[in-house]
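**Q** Just so you know, the protein sequences line up as chains A and B, in that order. Taking our numbering, the leading residue of the first sequence gets -11, the next gets one more, and so forth. Taking our numbering, the leading residue of the second sequence gets 143, the next gets one more, and so forth.
What the hints contain is simulated information worked out from the structure, not anything from laboratory work. Fair warning: this is a prediction, and the values are worked out from it, not measured in the lab. Please note: incorrect hints may appear among the correct ones.
[To be verified] Computed footprint of chain B on chain A, listed as stretches where at least three residues anywhere in the stretch have a Cβ under 8 Å from a Cβ of chain B:
#1 27 to 38
#2 61 to 68
#3 83 to 95
#4 111 to 122
#5 125 to 133
[What the hints assert, rightly or not] To give a feel for the contact side, a few chain A residues facing chain B, derived at Cβ under 8 Å:
#6 18
#7 22
#8 79
[Claimed, not checked] List time: in silico BS3-like cross-link candidates among lysine-lysine, alpha-carbon distance up to 27 Å:
#9 579/B with 593/B
#10 218/B with 418/B
#11 765/B with 708/B
#12 796/B with 133/A
#13 418/B with 453/B
#14 571/B with 453/B
#15 218/B with 237/B
#16 105/A with 796/B
#17 571/B with 133/A
Positions of the beta carbon are idealized from the N, C-alpha and C atoms, including for glycine.
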Amino acid sequence: MTTVSLTVNGQSVTADVDPRTLLVQFLRDNLRLTGTHVGCDTSQCGACVVHLNGQAVKSCTTLAVQANASVVTTIEGIAQGGELHPMQAAFREHHGLQCGYCTPGMIMSAIDIVNRKGNTLDEQTIRAELEGNLCRCTGYHNIVKAVAAGAKGMAQAPLQQAAE
Amino acid sequence: MTATGIGAPVRRKEDQRFVTGQGRYVDDFNRPGQAHAYFLRSPHAHAAIRSIDTGPAMIMPGVIAVFTGDDLAADKIGGLICGWMIHSKDGSPMKAGPHPALAQGKVRYVGDHVAVVIAETLAQAKDAAEAIVVHYDVLPAVVDTAQAAKASVQVHDVSPDNTVFNWHLGNKDETEAAFARAKHVTKIDLVNNRLVPNPIEPRAAVGEYDLGTDNYTLYTTSQNPHVARLVLSAFIGVAPEHKLRVIAPDVGGGFGSKIFIYAEETVCVWAAKKVKRPVKWTSDRSEAFLSDAHGRDHVTHAEMATDENGKIIGLRVHTTANLGAYLSTFSSSVPTYLYAPLLSGQYDIPAIYCEVDAVYTNTAPVDAYRGAGRPEATFVVERLVEKTARELRQDPAEFRRRNYITQFPHATPVIMTYDTGDYAASLDKALEIADYKNFQQRKQESARRGKLRGIGFSSYIEACGIAPSQAVGSLGAGVGLWESAEVRVNPTGSVEVLTGSHSHGQGHETTFAQLVSDRLGISIDQVSIVHGDTDKVQFGMGTYGSRSGAVGMSAIAKAIDKVIAKGKKVAAHVLEASEGDIEFKDGRFGVAGTDRSMAFGEIALQAYIAHKFSGQDLEPGLKEGAFYDPTNFTFPAGVHICEVEIDPDTGVTKIERWTAVDDFGVIINPMIVEGQVHGGIAQGVGQALLEGAVYDQSGQLITASFNDYCMPRAIDLPAFQVGMTVTPCPSNPLGIKGCGEAGAIAAPPAVINAITDALGHEDIAMPATPQAVWRAAQKARMPMAAE
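Using the sequences and the accompanying hints, generate a full structural model.
**A** So, in structure tokens, the structure goes:
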């Protein structure tokens, strides 16, 4: 067993884990943060995307020990004070989800896209940047609309971004 | 229309939990003392099992038990079933081979279940599974759909020629006569490629047994938990029905693949009692590829006869349908009664005859996948119609229009009676949105850039609702296909609706609440929708076949009518009027012609305190249930137009425009309906351009991961132009037709018709990958060189 210490959604966490434990297993099984999902075993679907030190990673291909001394943010950690993050609100407003299973990974990837590409995103950029996230329900049409709207919403809510 | 009533684009109630990571899917459930199951699967497509030595696995760390098919047999656990009986042309019943949950003596596809290890952790179970020693006598495999009936390999003893049934529908003699007098006959050979449904949530199951009460609980990724309970109890015999609770909580997409009752959940329930611990299994994606039921896999030859006026006078179809190694739960219905009855499309075709040979192969079982039979039928009809129009040098839109059914009801030669529709209205609207009149200009502009532009139509129809019970029973269904609902009004006037439908992305918590809001005049916040738990909802048939609106919501509407009727009786006592004078309008019970009235919630309270009436005459309380069995299938229909641009140098097909105009009857929530259309189109485009499950000749699935099986991504799809036309459905009280499968049904022929239009020849199969399109483009350029 190996000891890992990290910050998850603003809380300090220390645990002994089997060295082969994946970050997604650590989040789901140890911390019971089940909003982060597993949809494949080849790092293709993106249902497991979380932020590691502010950058999107696939937590199914990250070892828990790699997150030692790091800051992790999951889907459970982005709403502040009972207010949805602008990207969460945009997914709801634009019907960017159906079954909800890919949604946490989509939202975490979308926030990362905005952080990297800015608040004004055209359709082609969004489609290209969502390369690492699969959705089987929506045909992406409304996800693309939601990401564009969420990006604008993030510009109007600087406090939200600072909290990330 | 109220802000939250029928027709309003209400934002979904369920989304708050999904966008915050608070959804509860099966794998999120962890029961006290839970152990983990891992299935040892066959690495061979076809082999006799000489021996299984579980001894080395039993002594591995953390192992609690290892079970094989012998253990299930010793406990008299039955095999998995196929619930739809099909008879061959000669009247003989279909040949159903045994389907044990864990193999007995033989494995029949890669991924077949050989043994299960129950251990303290999943990692320990996986490690131990590797220690099980299985001696196989490997047998040759049969994988090819078209060749299966001629193969020397025999998948099941009951079927020497690997044939499950030779079935037919329609009138052979009339069809032959039509072809004899035809002016023109168009022929086509088609392969409807095998698909893997791939909901992003993999299947999962947690079985639990309570020694004190002798009660079992199964948490499972199911679209129809009551049917799962019925099959697990009455047919497989794992637990008595009244002792088994099945819970299907949030389910992450189904598309058909979560209708079926599989080996894994069967074993988890049974093993929980054996090891006296909750037993959890969660599929990984590789297992899902191997063992979730696949979809489609037809090989078809079809011919269309037209007369001198360009009128379709006959259609004959021969299809070989691959059902895989075992008959999955509803597999036999898919290439038969969900397929051939749709071969008339939107067209007035006086004579149709269809033969279907269903075969076993050493591949994963094939069953219903979004559309289930109807995409296969639509692909046949719409490819043939397009090809016929081209051969007759007629505009494909106008050729369709000339052959549309215009009088309703219309009885087809293949058992369906279409109730209503206006196909030309959808065509006109689609042509306008697609800017069809300027297509040639766009084609020329593409040509100037060295690109090939094409346009493809799909004028589809589907039969949804999968009902009524009497009709499906006469066609071989082992169950009735109605739906149930219970409307419980609380003393405060809030409402709980218990439904036998199941939501796994469709947004029932919102749309069903909209119906209640509309009818009872209360806010949707006052309504809770309860589903997916057999301890809460008494019985239901579940969600598939685009049936939850037309059938499930009609049951709710019927129960609401009963609630209102009871409320009028209560109001008559409270308002001191005769029952006949009580009206219910805008959420209030009032006395006609007076200003005396009380709100729905006030009457609900009066019903429960019962001070104003004698319980002898009128029972206290306000709760009503209903079972709703429709009078007919519903017939959603529409026109999709796909416009593509092909780069002949790379073979890349880009969808430039997508127009969808659908008639779903009355729409409860247009935002959700459009979302269903988008998702369906994406799956249909996936089939046409990207997806295909491929087995090699030894029966290894060589597309068994998301690295190898090409799922549609955002960049592969365009923005969709979606329009609607409305002819209310006369077969249910709400006028709903259903919308869940339309896109997947309409899309594949639209794409292929567009590509073949662009290429100028018909020779392209699905998936039309860049490589395949490039080859076809070269052939079109230099017919000799590419031979």
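**Q** All hints, please: hold or fail.
**A** Tested hints:
1. 27 to 38: holds (count 7)
2. 61 to 68: Since three or more residues must qualify, the claim that chain B covers the stretch 61 to 68 of chain A holds, with 4 doing so at under 8 Å.
3. 83 to 95: Answer holds; 10 residues pass the 8 Å Cβ test.
4. 111 to 122: Check passed, 8 qualifying residues.
5. 125 to 133: holds (count 8)
6. 18: violated (12 Å)
7. 22: It holds, given that the least Cβ distance between residue 22/A and chain B is near 4 Å, below 8 Å.
8. 79: holds (5 Å)
9. 579/B with 593/B: holds (20 Å)
10. 218/B with 418/B: holds (19 Å)
11. 765/B with 708/B: holds (9 Å)
12. 796/B with 133/A: With a Cα-Cα distance of about 20 Å, the restraint between residue 796/B and residue 133/A holds, given a limit of 27 Å.
13. 418/B with 453/B: Roughly 68 Å between the alpha carbons, so the hint for residue 418/B and residue 453/B is violated.
14. 571/B with 453/B: holds (23 Å)
15. 218/B with 237/B: At roughly 22 Å apart (the allowed maximum being 27 Å), residue 237/B and residue 218/B satisfy the hint.
16. 105/A with 796/B: Holds, at roughly 25 Å.
17. 571/B with 133/A: holds (24 Å)
When the structure is compared with the earlier hints, violations turn up for hints 6 and 13 and for no others.
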